[in-house]
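Once you've looked at the hints, dock chains B and C against the given chain A.
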Amino acid sequence: MHRLESWRGCFENFGAELVGAYLLDNLCFRSRDQFFSLLDTLFLDHANIGCDQWNGHFVDVVQSRPTPATESSVRIVPVIGLQAPPTKSGPYILRLAQRRYSIKSQWLSWPQHVGSIGGLSELIFLDDFCGTGQQFVEFAESIELTQLHKANGSMKVSYLVAAAHEEGVNNIRKELPFVHVRCAERLGPANSVLHDTCFQRYQIDGFQNLVLDQYADVTKRAGLPQGKLAEGFGNLALAYGFAHATPNNTLPIFWYETDSWTPLLDR
Amino acid sequence: MSPLFHIQSHSFDGVSVPSSLAARRWDMAAIGTTNNEHLDARSKAACAFAVEHAQEVFRMDFINNTAVIDDAKVTHGAICVKLRGCNSLLIEATTLNCPELLYLIRAARKEGVQTISFLYLEPEEYRRTLKGRLSDYRDFDLSGNRRFRSVQGFGSNLTDIAPGHAVFFLGYEKARLGQALEQEETLRDWSKHAVFGVPAFEPSWEIDSIANNIQYFSASSFEARYAGAASVEAAYGLLNQLMSDNKAGIPIVVAPLGTKPHTIGAALFLVEHPECDDAILLYDHPQKNFDRSYNIRRWHLYDVVTT
Amino acid sequence: MMTANRQAFIRNRAEEYGHDVWNSYVLPLYFDNLGLHEARKSVVIEGGRGCGKTALLRYLSFHSQFSDSRTTLPDTVFETVGLYLKADTQYFSAFTGAGIDDLKWRYIFEHALCLALAEQIIGAVSLINCNSERQQKYGKLDCLNFSRAVGGFSDKPVPDSLEAFSEWLRCRRQQLARWFRNFDDSPPPELYPLREFLLALIEEIRAKLSYMEKTVFAVYIDEYENLLDDQQKLLNTLIKGGEPPLIFHIAMKPNGMRTRMTIGNEAIQEKADFRKIKLDDELRPDFALFTAELFFFLLVKSGLPESLTPVMPHQLQDPSQIKSRQSDEKYRARVLGEIRRVLPGQRNSEIAESILDDPVLSKRWRQLISDGLRAQRSTIKPEQFLDKDFPDATIVCASLLHQSTKTADEILAELKKLGAGDPSRFKEGDWIHHFLIGTLLLIYLPFRQRPCPVYAGFNAFVSISSTNVRHFIELCHTSIGKFDADCDFANFYVSIEDQAKAAFKTSLAFKEEVAGSGDMGNRLLAIVNFLGKLFRLSQGRPSQSEAERTHFCIVNDQVSSNAQEVLNEAIKWSVFFEEPESKVKSVRYESSEYVLNPIYAPFFGISYNKGRKLEISGSQAEAMCTGSVEDFTKMLRQYEKQWSVSNPDQFSLGLES
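Chains as they are written, first to last, in my numbering: chain A, 54 to 320; chain B, 13 to 319; chain C, 94 to 750.
If we strip away everything but chain A, and leave its shape as in the complex, we get (with noise of 0.2 Å):
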């Protein structure tokens, strides 16, 4: 609540209370209570889904002991992210996931083992957040993915992520076409709050340039990013966050500290 007050105060201090409340009325915010909502619906539904095997009993199976039979049926994996900034986010909620659904840690494993484990028939990454998509390519790369699934043509590839962007999807799907994505809330368009789309709504004349000009004016006064990261990264400008992190694809000016700004949200 105290950091509210700030924020709110620094855009009085700029005089551009409309773009703060307008933001605020776009702002999706995941508490830890709806994170885990968010977790249920991959777990509970999502994991169950395109694999027979599974019955709608996915999260029975893993909360049983492996046997000889099922042993390499199933591996979850963490995405980690390798590029700076180095986010354990992946971990993270693995670890939460292993906790809220009793999950045995035989059926867990780090990136880097993956290889090791013969005739997996389902391998599931598991990530809070997809933005752009880059960053879990580049995660593939760097345990070489493709090449270990070409070995195992049978294996079942997922990517299990609580929010995931539709550019981030499409861009996995182009360069991983084997990898299916399942998200249990897909961010478009209409939550680029900077965006035409989101601005729609609002059905009044002359809103949209108001906002944006002030948008502008208190970015640049504020000291906050320009240019690259202006609008988050990849262009995204979204309002997005997790009581735990907040994507870079978050408007910065959620995020980003300067002398003349306090943030909303903790990155």
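Derived by calculation from the structure, the hints in this document are not laboratory data.
Misleading hints may appear alongside valid ones.
Said to hold, decoys possible - With a cut-off of at most 25 Å between alpha-carbon atoms, the simulated SDA-like pairs for lysine to any residue come out as follows:
#1 A:Lys157 to A:Lys209
#2 C:Lys394 to B:Ser233
#3 C:Lys598 to B:Ala223
#4 C:Lys734 to A:Gly259
#5 B:Lys94 to C:Pro281
#6 C:Lys706 to C:Val648
#7 C:Lys594 to B:Ala223
#8 C:Lys333 to C:Thr355
#9 C:Lys249 to C:Leu292
#10 C:Lys598 to B:Leu193
#11 B:Lys85 to C:Pro281
#12 C:Lys575 to C:Glu590
#13 A:Lys157 to B:Pro15
Chains B and C alone, transformed into the frame defined by chain A:
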């Protein structure tokens, strides 16, 4: 105590019939009212699918507190007779509402229907547009609200029973919760839960749901909970969790005022707990709003088997 | 002290106090007028939301009258024993359809009502004997034989003793509930005829318990308006046939009786069959004193020593003291004086003065003055209208200069007269009287963030609450928040700013609450928003020639029955109050006057007084009651244009919160 129903969800993006559903067949299908000229595209597509994929189709409605099948008033017994011998039933939940779902599930369970499937087509819709003055849409919401009226077989006299949990599944229509709290003042002493659809059908829709209901949370304490808007499993699981955590056996009132998948989950839960002081429906029978013309964004099929 | 920091005003609904309100009920000053204790004919209690219906009925019911916290029971309390019943709307409203015919449903409803009331009768007898002392004094419960009393109504044996009979009744009720869950598979339970069954019970009690030999049982049915039509007819029948020892009274919102028919072919008639009491009318004359008493009563209940307040709680709960509370002018002055100290308000002239001292507000005043002068092409300098010795007159000039009937020279001349101590139109011509509040609100109108002192003070709170006790309590609660009972109460008061903020906040909260008001909640909220915006537009006109416009009437055309239904519903939920027209103009149709509930005034920045009337056409009223969102915005635009309010904010009226 493990839940009675096992739910398997299938979701498919797109407007047309998903290829993996093309081969599915059911013995019977129940659909909602179709003889309305304002029926939207999604309801038409859903009913057309049901008609194509079931050997026998019947139309169901709930008028003046009475279940109606193909324009004839029916009792629970008559619905049972209708479903006798049916092994697989498709319930078209895009067009059917809470009371019909309850009657159908209860009868299907009684008649031992092996697979009950629910079809639901998600609308292609963005957050509601704001025209003219910024607040006009919030200020002049003219959708009719209705009185809460219990459905025979699932209701109880709330003034006669001890306070328990009241679970409100919420959508963006703010008047519904307000009406419930105004009309059923006895719920003031209950522990109340507000369930929002998160993840929403589309990210950001939950903002409207939360914003439109938040005013009631200050006057009366609520615990906020979340369940995927499209997840029958999450809604059903949440209620069952509450029931199994509930050592004292206090009653649970369920008010399905949110998404249709949540309503399906709530209906399964209500049928599973038939005792009058176990699980109680609180429902306001909203008028169907036909002027909204939706396209289809996503198909959902939920297969439910009794464990 | 355990009592510190209690929220003295947190509970503002009778429902939150439970059934026994003996220790928490402040007797309203109209209590003697009701004569409910002695009533041998039915009474219909009509009252808007929050006027104290439920609390009154609960006070009259046996739960309070025989409360175990009452040390001695006077003999008179046995003359009438009140039974309170509020039906669970969602349950009883489902007593229809489902392939069961209406007649059968009526019997089932009658049966349910019968069981509930039988349980209450037994409950009353038990409560009278709730402790050993009372058992010794009253007792004789062993003499009661319920099997003999009502055994004939059942095919199965009915137990004799009170405990067993009470348990038997509970089982009958559960049986009904179970049948309701399973009604398809099982035959309906055995049904009992209400009047016969209850009279048999009552006869047994009167015959066996000497202390109740003359007792009349008075049933109070709360929220009668929520019953189905057939259920109302059954109650109307009970009202018509009611006579000692069993009488039926009902309480409802205005317009709550949808049918006057009984289940026969007769209708019930006011006077012949029942007496109607309008609680709002009863409450109005002494509302200020009553709310002040209630205010101090609640503070004492939250721990403030009684001696620090001007009231004595036991006196407020004693029927024999009502007369003296009402007639003792010194007492009245003391109570009102003290609450005005705790909830101080500013006189309008003081508000005017503070506006002139405030840089932002005085700039707005100056702007209005110079706009008016410019429109008149006057060469007088704005400063000439500034006379700090007469702040109220100075403020009023801001709107006078916009009135086409007055010239700047004329106004300045009058101001000079006033300054010289001569008679002027400001005082003697009522300019200040007519235009001051309107102009104060006009100056504050664009500054929604600033607390407006017009809404602060006990007097303002009383006006804003109209006759709604709940609204008054909530205004106090929001103003004071946590009250520290150990505070230095002689120096305790709530600042004007806090009160004004609370008024705005409370106003917004109650406005939003309208959405949950019955079957047309959303429509009613839209109407409140529409009228609020409309009156705000009127309030924003610089001339203020139609000052303090907060009510309307419909002229020239009667509205459709659908629209009339919406108007009735709005009155039922106290969204507006209906008053007979004030001025009759013979040549045209004119409806009643509809006054917007003043609780919404602080939010919209309009007056809580009933000022000038807005006449709207039948078609506009029709659109308001039955039209679409587009109709609402179109009408607002029309008025905006017609009144040509200069609106610097192109998006809004400045109402977006």
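The hints, checked one at a time:
Restraint check for A:Lys157 and A:Lys209: satisfied, since their Cα atoms lie roughly 21 Å apart, inside the 25 Å limit. Restraint check: the Cα-Cα separation between C:Lys394 and B:Ser233 comes to about 23 Å, which is no more than 25 Å; the hinted pair holds. For the hint pairing C:Lys598 with B:Ala223, the CA-to-CA distance comes to about 17 Å; that is within 25 Å, so the pair holds. A threshold of 25 Å between alpha carbons decides the hint, and for C:Lys734 with A:Gly259 the separation of about 21 Å falls inside it, so the pair holds.
Taking the CA atoms of B:Lys94 and C:Pro281, the gap is about 24 Å. The hint holds against a cut of 25 Å. The straight-line distance between the Cα atoms of C:Lys706 and C:Val648 is roughly 12 Å, inside the 25 Å bound, and the hint therefore holds. Restraint check for C:Lys594 and B:Ala223: satisfied, since their Cα atoms lie roughly 22 Å apart, inside the 25 Å limit. With a C-alpha separation of about 8 Å, the suggested pair C:Lys333 and C:Thr355 falls inside the 25 Å cut-off, and the hint holds.
For the given pair, C:Lys249 sits about 20 Å from C:Leu292 by alpha-carbon distance, which is consistent with the 25 Å threshold. Taken as a hint, the C:Lys598 and B:Leu193 pair is honoured in the structure, with Cα atoms around 20 Å apart against an allowance of 25 Å. Between B:Lys85 and C:Pro281 the CA atoms are separated by roughly 19 Å; this keeps the pair inside 25 Å, and the hint holds. A hinted pair counts as satisfied when its Cα atoms are at most 25 Å apart, and C:Lys575 with C:Glu590 qualifies at roughly 17 Å.
A threshold of 25 Å between alpha carbons decides the hint, and for A:Lys157 with B:Pro15 the separation of about 22 Å falls inside it, so the pair holds.
Hint compliance for this structure: no hint is broken.
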